[in-house]
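Our numbering runs 7 ahead of the 1-based position in the sequence shown.
Any given hint could turn out to be false.
[Stated by the list, open to error] Taking lysine-lysine pairs in the DSSO-like style, the calculated list, with each CA pair at most 30 angstroms apart, reads:
#1 K81 x K146
#2 K93 x K131
#3 K131 x K43
#4 K106 x K146
#5 K93 x K67
#6 K101 x K43
#7 K68 x K146
#8 K93 x K81
#9 K101 x K146
[Unchecked claim] Here are the computed distance ranges between Cβ atoms for each label pair:
#10 S150 x M26: 20 to 28 angstroms
#11 S25 x F154: 29 to 37 angstroms
#12 K43 x D99: 21 to 29 angstroms
In short, the hints are calculated from the structure, not lab data. Please read these numbers as outputs of a predicted model, since none were measured by experiment. Cβ atoms here follow ideal geometry from the backbone N, Cα and C, with glycine treated the same way.
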Amino acid sequence: MLTKNCKVFPRIRPDEISMVAERDTFIATFGARYYKSHREKPSVNVTYRRELARLLIEVKKLTPSVRNFVHPLKQQNFDVLISVTKSISNHDGKNDVHKSASTALNKGTTIKQCCQTTILSVLKKRVALRGYNGRSLSKLIESEWRFEVSHRAANDSEKEH
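Start from the sequences and build out the full structure, keeping to the hints where you can.
Here it is, written out as structure tokens:
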């Protein structure tokens, strides 16, 4: 099974985040796919797995019915993903500032990659996931993420440097 593969989860710190990462089949699939093209960067692979697990933990706080990582990858959860991204990047709503701007900037790309991984899995297995259309969420991210997150985060990132 992918979750037991030390190449997908090399030397991952044992904590709540790593446990979520190891138990979620999608995160393991994403890790295996990433590993195929980035074998020389196992630490980056661990970072992505932890990032996805942390995102899933935060989504579950807002939407307790979520069982796995694929569930929030639906267009109707776009606003939840925006809220979670802002939370993870320590967005100060009062001053409209991301304290961790790079985290905010990277989330949209990561979520789009997750959509592509899910679409690929669905196509390979020739199964349908009820209510899932990864292309719709990807299009929403392409058209709206910059207005909701990226532009502000990019400005905040420039101020950090």
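Hints, one by one, checked against the model:
1. With a CA separation close to 11 angstroms, the supplied pair K81 and K146 stays within the 30 angstroms bound.
2. Simply put, K93 and K131 have alpha-carbon atoms about 33 angstroms apart, too far for the 30 angstroms limit, and the pair is violated.
3. Among the hinted pairs, K131 with K43 is consistent with the structure: their alpha-carbon atoms are about 17 angstroms apart, no more than 30 angstroms.
4. This hinted pair checks out: K106 and K146 have alpha carbons roughly 27 angstroms apart, not beyond 30 angstroms.
5. For the hint linking K93 to K67, the alpha-carbon distance of about 15 angstroms falls within 30 angstroms, and the restraint holds.
6. About 42 angstroms separates the Cα atoms of K101 and K43, which puts this hinted pair outside 30 angstroms; it is violated.
7. Between K68 and K146 the alpha-carbon distance is near 25 angstroms, which keeps this suggested pair within the 30 angstroms criterion.
8. Proximity of K93 to K81 is assessed by CA-CA distance (about 18 angstroms); at most 30 angstroms being required, the pair is judged to hold.
9. Distance restraint check for K101 and K146: the Cα-Cα separation of roughly 29 angstroms lies within the 30 angstroms cut-off, and the hinted pair is therefore satisfied.
10. Look at S150 against M26: about 35 angstroms separates their beta carbons, and that is not inside 20 to 28 angstroms.
11. Hint check: S25 to F154, Cβ distance near 34 angstroms, so the stated range 29 to 37 angstroms holds.
12. Checked against the hint of 21 to 29 angstroms, the pair K43 and D99 fails, with Cβ atoms roughly 39 angstroms apart.
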